Amino acid sequence: MSEGRVVGIDLGTTNSLVAYMEGDAPQVIPGADGSNLVPSVVALDPLPADGRSRPTVTVGNSARKALIETPERVIYSVKRLMGRGLDEMKDELKLFPFRLADDVEAGEVPRVQLGELRFTPPEISAYILRQLKRNAERFLGEPVTHAVITVPAYFNDAQRQATKDAGRMAGLHVLRLVNEPTAAALAYGLDRAKAGTIAVYDLGGGTFDISILKLRDGIFEVQSTNGDTHLGGDDIDNLLLAIALDEIYSEHGIDLRAHPGAVQALRKAAIDAKVRLSTETSARFDVELPNGDRYQREIPRAVFEMIIERVLERTMAPCKQALADAGITPAEIDEVVLVGGSTRIPAVRNLVDDLFQLGARGKRPHTELNPDEVVALGAAVQASILAGASKTTDEMLLLDVTPLSLGIEALGGVVARIIQRNSTIPASATEHFTTGVDGQTSVAIHVVQGEREIAADCRSLARFDLKGIPPMSAGLPRIEVRFLIDADGILQVSAREQRSGKAAEIAVKPTYGLTDDQVESMILESFDHAEEDFLKRLLVEARNEAETILAAVARGPMNPAWQQLTGEELAAIAAARRHLVAVKDGNDFAAIRNATIALDQATRRFAELMMDAAVTSAIRGKTMEAAGDDLGEAVTAPHPMAAAEFN
Amino acid sequence: MKVVESAVPVACWSCSVAHNESTLFCPHCSKIQPPPDGDYYSVFGLTPKLEIDLAVLEHEFYRLSRKLHPDRFARAQEREKEWSLADTALLNDAYRTLKDPLRRTEYLLKLHGACIGEEFAGADGNGRRDPSRVPADLLEEVFDLNMQIEEMRAARKTGAIDRELESNLTEAKEKFQSLLDAVDADLRTQWRAWDAGNGAARGTAQKAMVALLDRRRYLSNLLRDVTETLGA
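Chains as they are written, first to last, in this note's numbering: chain X, 43 to 689; chain V, 17 to 248.
Honestly, the hints are just simulated from the structure, not real lab data. Please read these numbers as outputs of a predicted model, since none were measured by experiment. Backbone N, C-alpha and C define an ideal beta-carbon position, used for all residues, glycine too. One or more hints might be untrue.
[Unchecked claim] Covered by chain X, per the in silico footprint, the following chain V stretches (three or more residues, Cβ under 8 Å): (1) 69-82; (2) 96-107.
[Unchecked claim] Cβ pair distances, simulated, as ranges: (3) V:Gly175 with X:Glu114: 26 to 34 Å; (4) V:Ile177 with X:Asp507: 50 to 58 Å; (5) V:Lys97 with X:Glu611: 53 to 61 Å; (6) X:Gln482 with V:Asp202: 42 to 50 Å; (7) X:Gln482 with V:Ala227: 19 to 27 Å; (8) X:Asn412 with V:Ala224: 31 to 39 Å; (9) X:Thr483 with V:Phe159: 21 to 29 Å; (10) X:Lys509 with V:Leu70: 43 to 51 Å.
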């Protein structure tokens, strides 16, 4: 069996996606619910009563539903915690209901409490990745073991390593980490072979990146990158949420923070309002409070723009620095690409227009590709480049840079920079060290990442101990240490003592990070890719889907909409149903799937009629949610007959 | 001095045909080779000179990147992957050094045994403003300027705006910028002398450039401080 396809994954703060290359065009793979976006939300299901079976988790839309009922078993925005130490998480904890396990020691990777269990951030991300992997396998009908995963360009070494660890835990061989803005440029660059300088402005759920690239003959050469790993749509949500919480307290005397479920409902209302304000000039908050009161509030767009002004302004300094580092002026930028859901906000577009003088030069930013999907599409393009699978991508090559300078702590705690930020990667530097005392057999080296002059102000990456140095007079040993930043932006270190010719032994102690053994022990399950097992799983999944749709069809005649179907339509449904019943217990998963799809299509008009009825009843005063309950499926699902999500 | 490449023939790991050591690919079977020992110029097949054609350099960089980059070896065997990583790091390091005029000058002079850079300047710990290397002709002006910078910083702290001080500093900034431009012009003259010369002429040019580079470093640190103070 071949190694299979390489998929591209956008592991986002808010939503995650998986895409692949269909011929020469990248395409997003939908989940079983028909949706391209998998919310980056993970819920721990109630533990099995027998106390022995493995706990199961739910990912995506269904996990999001649990957010309001059992918030203590659900986590979202876990990307904010990736590769971070306890002290760095303090700020996140103020704004997000992350519950850290209380037994975390300094230097350990913090764990998050989810119900009765504790998970490291990479483990949570691994559950999301596993869901994407399964979605891809279900869609492609073959095992998926290799992937390209995107990360914010401004992610540091530890955050990148944590992402790679998550991939491994999910049973994915991560061929490359690609920077999100660069991936977006790849997606845009595919159908237009041109030369020029482009800026990618990427304001996502939790992170902001700006990258400046030079395009020439299929080579995408990143000139500079900058950003803020703590800036995104989440910050806007938090501002709206904080205002609402304040007003609820002053107007109704309720401190909603004591009701986590209600806070989540309010957050959802805030997000809905934010989204509506991108297309409408005003939006309305209308939320029921625990005491039965309602919090109602009208937010005009002008007020919204005032509220978020400070958040948006924080994207300016990174943009200016990136331009300065690339040695160009805003007017020299030929094209601007907008990435990330937050770039739908009109105020963001105005800011970008001003910054790059687009309107003044008769230009418009590129928004042709869906800003939520463009990064995943670019990841699929990079996957295709790595797989060497497509003629279109054969001539393409991405040359990315390291976002942060690499340095070592020198005497007096100052940083000696050895690799400058915005150096094209892979990049390397060789440094020489010696001993300070006679007979000394080890030397300690502290590696940091960042732009500050004092090591304590930079991000500590790792402390290395060069051991096994042959005892010599002080200053005589000459240890050559080679620092290499690989194509994923991750540091590798090797050393040798030059006088004795001995390879010095290095004990790498990452400041925050999991050891190889820890990652190994967290692999979600034994990923046995024997073809037989895989087919078995596909078969089980296909049967489950068949059962779900058959049950829905069986309930059909009870719904008034059924009466509106023509005799022809009813006959078609009956035929498709008979066919599915006949094949569903066989061993051919493809036949079951095809029969399921046929029945799904035969019932499409019925589904639409039900949807209309639901909308009508909503107008009559029922809530949409209740109408959805009547159908046994939330009305937000793209198709009420759609199959259930599997786990 | 290590400019001459060693020409010890080694066998290609793949086809076993002997090839010159400093090659990225086997001339016989085209397979990638471990990083060669040569200097940054030899990566691009260039003669070590200070004046170089940047368009040619860029073209070679792109051509070699297409062949060497780890993206091209994602499915290759482990050692080819490792060599691709090491070779590309070498290529990128070489390109970064040679495309920048100052880095290139320092690199080539260091190859010829010159002591340059902050590590040799007896710096004050963070590599800035080494008092022992204040260019003699600038002593007085630098002293005045540093006073003004201090005054400006003190004034900023109290929130006061001293227009006269500000215009003095702006004037000084322009003056030091023009001094810097003059250094760059002198450097270019010395480049040509070095490239064209041999033995003694090169030695003279090299000495002049080491002094110019120190002066330049000094001036650019000073300019950075003034700019920071003005922009704060």
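Kindly indicate which numbered hints from before are broken by the structure, ordering the numbers from low to high. As far as the earlier hints go, 3, 7, 8 and 9 are violated by this structure, in ascending order.
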